[in-house]
Amino acid sequence: MPSTGDSPKTGYKILNHTADVGLEIEADTLPALFAVAADGLMHLICPHCQIKPLQSHALQVCGENLEELLVNWLSELNYLCQVQNFLTSQIHITEIHDRFLKAEVLGERCDPMRHSVRSEIKAVTYHRIEVRQEAAELWRGRIYFDI
Amino acid sequence: MNTPIQRISDYLFEIPQSGKMRVPARIYTTPEMLPAILKDRAAEQAAQVAWLPGILGYAYAMPDIHWGYGFPIGGVAAFDVETGVVSPGGVGYDINCGVRLLRTDLERDDLVPRLQQAVDALYHAIPSGVGSTGSLKLNEKTEKQVLLRGARWAVENGYGEAEGLDKIEENGEMPGADPGLVSARALERGRGQLGTLGSGNHFIELGVVTEIHDAAAAATLGLHLDQVTLLIHTGSRGLGHQVCEDSIKEMLHAAQKYRIELPDRQLCCAPLSSPEGQHYLAAMAAAVNFAFANRQLLAHQAGEALMRALGISPRTLNLQIVYEVAHNIAKIEQHQFAGRQRKVCVHRKGATRAFGPNHPEIPAAYREIGQPVLIPGDMGRCSYVLTGTARAMQETFGSACHGAGRLLSRSQAVKAARGRSLTRELAERGIQIRAASHETIAEELPEAYKDVTQVVDAVVGAGLAVKVAKLRPLAVVKG
Chain A
1 MPSTGDSPKT GYKILNHTAD VGLEIEADTL PALFAVAADG LMHLICPHCQ
51 IKPLQSHALQ VCGENLEELL VNWLSELNYL CQVQNFLTSQ IHITEIHDRF
101 LKAEVLGERC DPMRHSVRSE IKAVTYHRIE VRQEAAELWR GRIYFDI
Chain B
1 MNTPIQRISD YLFEIPQSGK MRVPARIYTT PEMLPAILKD RAAEQAAQVA
51 WLPGILGYAY AMPDIHWGYG FPIGGVAAFD VETGVVSPGG VGYDINCGVR
101 LLRTDLERDD LVPRLQQAVD ALYHAIPSGV GSTGSLKLNE KTEKQVLLRG
151 ARWAVENGYG EAEGLDKIEE NGEMPGADPG LVSARALERG RGQLGTLGSG
201 NHFIELGVVT EIHDAAAAAT LGLHLDQVTL LIHTGSRGLG HQVCEDSIKE
251 MLHAAQKYRI ELPDRQLCCA PLSSPEGQHY LAAMAAAVNF AFANRQLLAH
301 QAGEALMRAL GISPRTLNLQ IVYEVAHNIA KIEQHQFAGR QRKVCVHRKG
351 ATRAFGPNHP EIPAAYREIG QPVLIPGDMG RCSYVLTGTA RAMQETFGSA
401 CHGAGRLLSR SQAVKAARGR SLTRELAERG IQIRAASHET IAEELPEAYK
451 DVTQVVDAVV GAGLAVKVAK LRPLAVVKG
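Protein chains in written order, with the numbering used here: chain A, 1 to 147; chain B, 1 to 479.
Derived from the structure by calculation, the hints contain no laboratory data. Mixed in with the good hints there might be a few duds.
[Stated by the list, open to error] A short, non-exhaustive set of chain B residues, derived as facing chain A with CB atoms under 10 Å: (1) 42; (2) 241; (3) 242.
[To be verified] Chain B regions said to be covered by chain A (calculated; three or more residues, Cβ under 8 Å): (4) 69 to 78; (5) 184 to 190; (6) 258 to 271; (7) 376 to 382; (8) 397 to 410.
Backbone N, C-alpha and C fix where the C-beta goes; we use that ideal spot for every residue, glycine too.
Starting from the given sequences, assemble the full structure and let the hints guide the process.
Shown next as structure tokens:
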């Protein structure tokens with residue numbers, strides 16, 4: 001798993017799917033898990049190293065449960081990318097509980113001369129979705145995208 | 001999951017009804033192709049579709065079946081309008097993804113010497129690839145007209161001729177669309193995308209007719225050997241994706257409200273008779289019309305580009321629609337089931353309507369031969385024109401396959417393409433490729449797909465369709 005934070009068990013693994021793609025995510029806290037998922041999504045769209053943290057967006061997302069919250073959170077980032085051409089490179093989750101998430105994301109507008117956008121994510125799906133706490137400092141999840 | 005499966009015939013296999021399945025699931029395929037199908041979760045997904053209330057007959061899967069999300073790709077399911085459900089996951093995110101086939105008056109020898117100019121012109125005229133936007137910028141009022149009128153809106157605004165609209169499913173204008181039920185976010189996603197190809201497996205292909213299997217049907221469709229054709233594969237772009245996303249949120253709540261038990265949340269659904277079910281059908285129809293307009297614009301833009309590049313007149317090119325099919329859609333149709341006429345909602349997700357001869361919804365000129373069924377293959381092999389049969393009407397609610405079906409995941413395809421120049425390999429076989437990115441070409445390499453001939457032979461062997469013509473690609477613009 002590529003590490004995306006200080007903890008060695010924080011990261012994501014890309015799951016093969018015949019037509020689409022998924023992520024298996026792991027972190028020591030719930031905010032870290034949601035940040036890892038966002039990091040994995042952005043990795044599928046464009047290499048992080050190409051994105052400079054020049055602008056910020058404040059996001060607030062709701063959901064009926066953690067799974068719905070995860071889908072809505074990643075859908076929001078995908079919307080920013082699809083409609084506002086905004087590529088995210090840094091994620092700071094400032095508040096999260098079962099039904100609500102508040103975050104600040106940093107990145108920049110897509111510039112085709114500098115950014116090699118790899119995939120268009122049509123949508124974040126509920127197929128086989130999971131968000132679960134397995135131990136005091138171990139959160140795991142799984143999510144698939146339609147591409 | 002180890003899915004139990006029984007052989008019914010050389011072309012048909014059944015997953016027996018068990019657990020919470022309301023009907024068995026049936027997969028049309030051959031013993032040779034079955035092991036690849038059983039490698040991923042596609043068969044398990046077909047069995048899970050059989051859990052849904054009001055399903056009639058079987059949960060069907062075509063030989064191009066592969067793992068999707070919720071429903072498998074290549075899945076067909078029909079639901080009684082009174083007791084059944086509608087599921088956005090049974091249509092997919094790319095609502096009315098579909099295929100248009102056009103014929104020309106050009107012969108292979110007219111095009112081949114100028115193929116590079118032709119494909120370059122198509123590549124530059126058709127916005128393609130990730131995040132592509134078109135030259136047409138719609139305001140909200142105009143966009144809502146597109147959602148109501150579909151391909152007819154495009155024709156009325158100067159993109160093509162009205163002649164030929166009857167060769168599109170629903171005449172290119174699905175009734176029942178309500179743009180007021182399409183969210184602001186969906187409208188925003190679609191606003192700059194009309195007249196764009198998109199990315200992934202979408203394409204525009206110049207091809208040539210290389211085999212005629214049914215001379216009379218080919219003549220009816222205006223197809224002959226060595227004739228140059230144009231094939232367009234795309235859908236409703238971001239607008240459709242967002243309509244599906246919005247509907248799934250609503251359906252998750254509806255499934256709880258109506259106490260529908262789901263094996264996978266992506267199968268969320270609502271009774272067809274409920275406000276949520278009716279809401280989805282009206283929003284879906286709006287996205288369907290966006291896709292019809294999109295393919296109409298692309299065909300018009302492609303025709304203009306070819307005339308410019310080849311220096312020929314509209315009369316010399318004579319670009320005419322053969323037919324256009326939708327392969328991600330839910331439709332209310334009349335079918336004979338269990339000895340009586342029933343009104344049903346047929347979900348086709350990666351499956352094509354294949355109505356048999358004399359069906360009133362087939363254009364009058366084609367009624368005797370059955371509905372044309374367009375089956376694009378991968379960019380290196382071939383595509384087929386088939387027609388639907390009476391047997392498809394009896395067995396699969398008038399449905400057949402939609403393409404080759406993926407075999408390799410995208411990362412497996414990229415790995416298989418490593419160290420190879422696919423553009424050169426294909427050029428050596430006489431096929432020009434243009435794409436926005438090398439990665440797209442790698443993900444779409446021919447071996448990433450099943451052999452479309454095997455898929456077509458399976459549906460033909462099962463009696464769901466009849467072969468009319470085979471097309472070979474000459475040049476492909478990928479998204």
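_Verdict on chain A covering the region 69 to 78 of chain B, where coverage means 3 or more residues with a C-beta closer than 8 Å_ = Per the Cβ count (3), the hint holds.
*Examine the region 184 to 190 of chain B: at least three residues should have C-beta closer than 8 Å to a C-beta of chain A.*
holds (count 3)
*Coverage of the region 258 to 271 of chain B by chain A, judged on three or more residues with CB within 8 Å*: Per the Cβ count (4), the hint holds.
*Per-stretch coverage check for the region 376 to 382 of chain B, three Cβ contacts closer than 8 Å to chain A*: violated (count 0)
*Please verify that hint: residue 242 of chain B, Cβ, nearest Cβ of chain A, below 10 Å or not.*
holds (8 Å)
*Close enough to count: is the Cβ of residue 241 of chain B nearer than 10 Å to one in chain A?*
holds (4 Å)
*Taking a Cβ-Cβ distance under 8 Å as contact, does the region 397 to 410 of chain B have three or more residues in contact with chain A?*
holds (count 5)
*Against chain A, run the beta carbon of residue 42 of chain B and see if the smallest gap drops under 10 Å.*
With Cβ-Cβ at 7 Å, under 10 Å, it holds.
Violated hint: 7 only; the structure is consistent with all others.
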